[in-house]
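Listed here are the chains, written in short residue letters.
2 protein chains.
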Amino acid sequence: MVGTLGAGAAIAGISGMPSEAEAKGGPTEKWPWPYVKLDPGKTAEIAYAEWYRVFCGAAVISSVFGQLREKVGEPYRSFPIDGYVFLEGGVAGWGTVCGSNAGANIVSNMIIGPRIAGPDCEHGAIIGSEMLEWYSETPLPVFMPGQPRQATAIIQTISRSPLCHVSVGKWMKASGYALASPERRDRCARVAASVAFKLVQDLNSWKDGTYVRKANWIPGKDVGITAQQNCTECHETKIPTPPMVKK
Amino acid sequence: MVGTLGAGAAIAGISGMPSEAEAKGGPTEKWPWPYVKLDPGKTAEIAYAEWYRVFCGAAVISSVFGQLREKVGEPYRSFPIDGYVFLEGGVAGWGTVCGSNAGANIVSNMIIGPRIAGPDCEHGAIIGSEMLEWYSETPLPVFMPGQPRQATAIIQTISRSPLCHVSVGKWMKASGYALASPERRDRCARVAASVAFKLVQDLNSWKDGTYVRKANWIPGKDVGITAQQNCTECHETKIPTPPMVKK
Chain A
1 MVGTLGAGAA IAGISGMPSE AEAKGGPTEK WPWPYVKLDP GKTAEIAYAE
51 WYRVFCGAAV ISSVFGQLRE KVGEPYRSFP IDGYVFLEGG VAGWGTVCGS
101 NAGANIVSNM IIGPRIAGPD CEHGAIIGSE MLEWYSETPL PVFMPGQPRQ
151 ATAIIQTISR SPLCHVSVGK WMKASGYALA SPERRDRCAR VAASVAFKLV
201 QDLNSWKDGT YVRKANWIPG KDVGITAQQN CTECHETKIP TPPMVKK
Chain B
1 MVGTLGAGAA IAGISGMPSE AEAKGGPTEK WPWPYVKLDP GKTAEIAYAE
51 WYRVFCGAAV ISSVFGQLRE KVGEPYRSFP IDGYVFLEGG VAGWGTVCGS
101 NAGANIVSNM IIGPRIAGPD CEHGAIIGSE MLEWYSETPL PVFMPGQPRQ
151 ATAIIQTISR SPLCHVSVGK WMKASGYALA SPERRDRCAR VAASVAFKLV
201 QDLNSWKDGT YVRKANWIPG KDVGITAQQN CTECHETKIP TPPMVKK
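Which chain is which? The protein sequence lines are A and B, in order. Numbering-wise, this note's numbering puts 229 at position 229 of the first sequence, and it's gapless, one number per residue. Numbering-wise, this note's numbering puts 13 at position 13 of the second sequence, and it's gapless, one number per residue.
These aren't lab readings, by the way, just hints derived from the structure by calculation. Keep in mind that this is a model prediction, so the values were computed, not measured. From the three backbone atoms N, C-alpha and C, an ideal C-beta is built for every residue, glycine too. A couple of the hints might just be wrong.
[To be verified] Cβ pair distances, simulated, as ranges: (1) A:Cys231 x B:Ala174: 16 to 26 Å; (2) A:Pro148 x B:Glu236: 51 to 61 Å; (3) B:Met244 x A:His235: 22 to 32 Å.
Extracted from the complex, chain A is given alone in its bound form:
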């Protein structure tokens, strides 16, 4: 199937067709999962509140799957939402991918499916990848909760990166607040809410059949290595040229 090699494969840019594309088949490995449209604002409020219970990654997952447990039932009831607390701080505090981004990718890929399940499932990875790009380019947080836990103004910063360390670090530098401060915690709760808001907007468009891909970062193809878009931030002027396949 040519379609299977389409946008999903292109977005990863690193892998050809799987050699054995047959699903091994647990009961939840049939895609797409049933989805009913959700309210982005309500979802964001849930993510904000859930951040204070399960932190960024699990809060984004809970904000969507929690509602779908009520409205749909399975397979959302059997998804172990709270197990994803470890996404906090960019995976157990290591500052890698922001947990909100990881949570959003889990949601979009679980609902729509992985690219190996066929061309109908490619939007799962695409919506996830687009989230990383939007997160990197947007002054965050954009969502203001109805009843914020911190009255202090929370300034917005642009991370230019999907990584927790870079995103939180730039915000801490601009705001002067420490990692352990209530203001930093509330900033991250609002970032999770902002991500949940956009995620549901995109899922609703996908459900309506009107989803249009806005982001276009295909690193394997574009730069010959899995990568973010902010090369000079670490490499400065000395960006290495990756080895390329011999023609």
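Given chain A, work out where chain B should sit, using these hints.
Frame of chain A, contents of chain B only:
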């Protein structure tokens, strides 16, 4: 419960107690999940083969959960393993956390549970965090499959980072092989297998009650920000001092 604030909270180093620690309670949110000890070598061989079907993150998950589907049944049968293909290339090709590391963290945290579920569950995040440290410090890949798909020697490199971009980039630089080359693909399949091998060793020790934590990186406490350990690699000599909480 003081225990809930122990090692798990410390490892994240960024968050206090959740405000509502009560589980909301899907059927799979009871921890630990039933675990029977697995053979590390056999698990690594499965991960190596599965890489060519579902790529790094899902391969690590499949290597463990696939066996537990057979030996235990639920909740492993209902876990959507193939949905995690998107972890490839460090989340949809963006080069963030290596999918093998993400997959290992999902496995250890789903089996043992999240720290908010109580002190008995803290080893989930600790085994996951230790994987990031081991991965960063070990010349990889260490696992040699019985029937390698590439006869070429696969050199080992030390990433000093849990990120896909850094790990793959250093290997590509040292080996001269491109991202799209069969050699690079086989290297990553062997890395996934290496991670699966160590993961099962640690899970078996945990099951036996003999697991001893070997890694000790608590970035929020150690450096005041979520972070890896290779500060100078991006910051060179200009490592910023994060704002600290006022006493």
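We went through each hint and held it up to the structure:
1. A:Cys231 x B:Ala174: 16 to 26 Å: 20 Å, holds
2. A:Pro148 x B:Glu236: 51 to 61 Å: 38 Å, violated
3. B:Met244 x A:His235: 22 to 32 Å: 29 Å, holds
Comparing the model with each numbered hint stated earlier shows that hint 2 is the single one that does not hold.
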